[in-house]
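Trainee: For the protein sequence lines, the chains are X and E, in the order given. According to the working numbering, the stretch in the first sequence is residues 4 to 329, in order. According to the working numbering, the stretch in the second sequence is residues 4 to 329, in order.
Possibly wrong hints are sitting among the right ones.
[Claimed, not checked] What the simulated footprint calls covered on chain X by chain E, stretch by stretch (three residues with Cβ under 8 Å from a Cβ of chain E suffice, anywhere in the stretch; the number is not a length): (1) 22-35; (2) 38-49; (3) 78-90; (4) 112-125; (5) 131-137; (6) 254-266.
[As the list claims (entries may be wrong)] The following residues of chain X were derived to be distant from chain E, with all beta-carbon distances above 12 Å: (7) Leu-66; (8) Val-93; (9) Thr-128; (10) Ala-140; (11) Gly-158; (12) Gly-194; (13) Asp-218; (14) Gly-225; (15) His-229; (16) Thr-293; (17) Thr-298.
Hint data in this document are derived by calculation from the structure and do not stem from the laboratory. For each residue, glycine too, the CB sits at the ideal point set by N, CA and C.
There are 2 protein chains.
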Amino acid sequence: MPIRDEFGIIARHFAPLSRGLVGSFGLTNDGAVIAPDPARGLVATIDTMVEGVHYLPDDPAELVARKLLRVNLSDLAAMGAVPESYLLTVALDRLKEEAWIARFCAGLAEDQERFGVAMLGGDTTSTPGPATLSLAAFGRVRGTEALERGTAQAGEAVYVTGTLGDGALGLLVRQGTLTGLREPHRAHLEGRYRLPEPRVLVGARLIGLASACLDVSDGLVGDLAHIAEHSGIGIELESAAVPLSEAAAEVLGDDPDLWPLVLSGGDDYELAFTAPAEADAALQALAAETGIPITRIGRTCAGQGVRVLDRAGRTLALETQGWTHF
Amino acid sequence: MPIRDEFGIIARHFAPLSRGLVGSFGLTNDGAVIAPDPARGLVATIDTMVEGVHYLPDDPAELVARKLLRVNLSDLAAMGAVPESYLLTVALDRLKEEAWIARFCAGLAEDQERFGVAMLGGDTTSTPGPATLSLAAFGRVRGTEALERGTAQAGEAVYVTGTLGDGALGLLVRQGTLTGLREPHRAHLEGRYRLPEPRVLVGARLIGLASACLDVSDGLVGDLAHIAEHSGIGIELESAAVPLSEAAAEVLGDDPDLWPLVLSGGDDYELAFTAPAEADAALQALAAETGIPITRIGRTCAGQGVRVLDRAGRTLALETQGWTHF
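Chain X extracted, bound-state conformation:
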């Protein structure tokens, strides 16, 4: 059924997602109110996904919604913020079926439950072009002590959460370029591409431990280069220390030419951060407590840029240092 009834769509599908959130006015107002909190600052981030660019037109609407929310929650995690609420704006073809919106909202509902967030407000509009979905997410930190990327110092260790390269390899699986994998490995890699796991539990606990942090969304080396540049330091990355999933390890064992994808492919949404040596024990305890691996993969030093070292300590040249969105 063609979408014509904006207010009906909002009432039937979006408004239930705001239930229980004081200040959302059930999405009936011009905007929303976030009550004052004397102790905690608000962290805000915004990201857009375009049909055909960031997801495929036949991707399930539930997954599209969850990925849109999660890439934003990953940004909050990178700043150490506890997620709280979000604004959503969707530009959709006016022939888009209402059933698609219903599934999209079901995906949001599922992840709202999982991550403890609710919809604060939004906007719906029509477009003659591809669906364009923007989400602004809000989280809380104590005072203004959010993690940032420009505050690493020389002489610290570099860490990542989880495993790297799964997102980029999962995209190859999805595109049909990488085939012949055993089923659990195929499913693992494709799942990691389709639905990132924002590290919100770890992120909030890194405040006071990490000196600088970001999420790996553009590729490990490219993102570490942001920390190096904005902190005015250099980074040495020990490629042999980069943690791999069992699936990725098997793929790379079969085809070592795919290694650059681990170092510079995007879409992992793990946290990469720096921390002084004295934080190491607390970080290992945090990994044990949350069940999310935290692995030391290098060190910061005087200088600039990211130097990638092989097992023998020789510098590797990378053809691609991450990618940008344009």
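Place chain E on chain X using the hints.
Mentor: Okay, now just chain E, sitting in the frame of chain X:
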């Protein structure tokens, strides 16, 4: 020149718009921090503009930017919030010229100065479709005392700021449907369509005076119907009392068939609000102080919906009760 260099574009054009705003990190971070304020709540709103839907491809980039910011500031004004900052996300064709972005940012810079806001953060991405621009604006209210639309009571007066119908008539001028106007009138109407004037000064002063408020973006009757519905009251609108600009009055004198546009055309971005009788003197003083007319156009009553009365008090039937975005 094709846009390929996302980080360069951000550094050259967008980052200067965040200058001086603590917590924006110069747009180099995953997100932004809004410091805690024990006394004031945050009002948040989001709106999207799509090329070819909300503006024309050859509209000047400066004006597109200013309209995008202003429609959001109008939402803040409707809630009585003092504007403070905003997040911006732009999805652009990768062949979009950097010069367009430069002009777009020049428009933002001009209105940042005028309205006292700055850019908190954002996201740039590419799209194969029409440019799609979303802006989330933030403002402040004391505590949580924002104006809303569901709190009008029967027996109050209904007011609007400024003049109505200029936006809809200006669109006709822009489309070439309405011709033969004298130059100052033509320019006035087209200008009102192309660049709304958000009533932020009046909006913030309505807290404590108005009982319910919204901005007229979908048409006066349709928007008043929102107040009626969410407040559980009826509204009687005296059409003869609706304030017109000199230009609109002349157009309607020549062609009374255009009257429905005044009552149900969109894009005026004036404030419509309800207030008890005892607020009238303070409202007139506010109008005198700000130079922005505040006109009583009707009253609230028991019942439901909006009844439009002609000069003789007879009920008018309207063919179009506002319009929705889909």
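Trainee: Compare the structure with each hint and give your call.
Mentor: Comparing the hints with the structure gives:
1. 22-35: As far as the region 22-35 of chain X goes, the hint holds, because 7 residues have Cβ atoms under 8 Å from chain E.
2. 38-49: Our answer is that it holds, as 12 residues pass the Cβ test (under 8 Å) against chain E, meeting three.
3. 78-90: With 6 residues closer than 8 Å to chain E, the region 78-90 of chain X meets the three-residue bar; holds.
4. 112-125: holds (count 3)
5. 131-137: holds (count 5)
6. 254-266: violated (count 0)
7. Leu-66: 19 Å, holds
8. Val-93: 8 Å, violated
9. Thr-128: 5 Å, violated
10. Ala-140: 8 Å, violated
11. Gly-158: Nearest chain E Cβ is 23 Å from Gly-158/X, so the label holds.
12. Gly-194: Its Cβ never comes within 12 Å of chain E, the nearest being 24 Å, so this holds.
13. Asp-218: Per Cβ check, Asp-218/X is inside 12 Å of chain E; nearest 6 Å; violated.
14. Gly-225: 10 Å, violated
15. His-229: 7 Å, violated
16. Thr-293: Answer for Thr-293/X: holds, closest chain E Cβ roughly 20 Å.
17. Thr-298: Given a closest Cβ separation of 21 Å, the condition holds.
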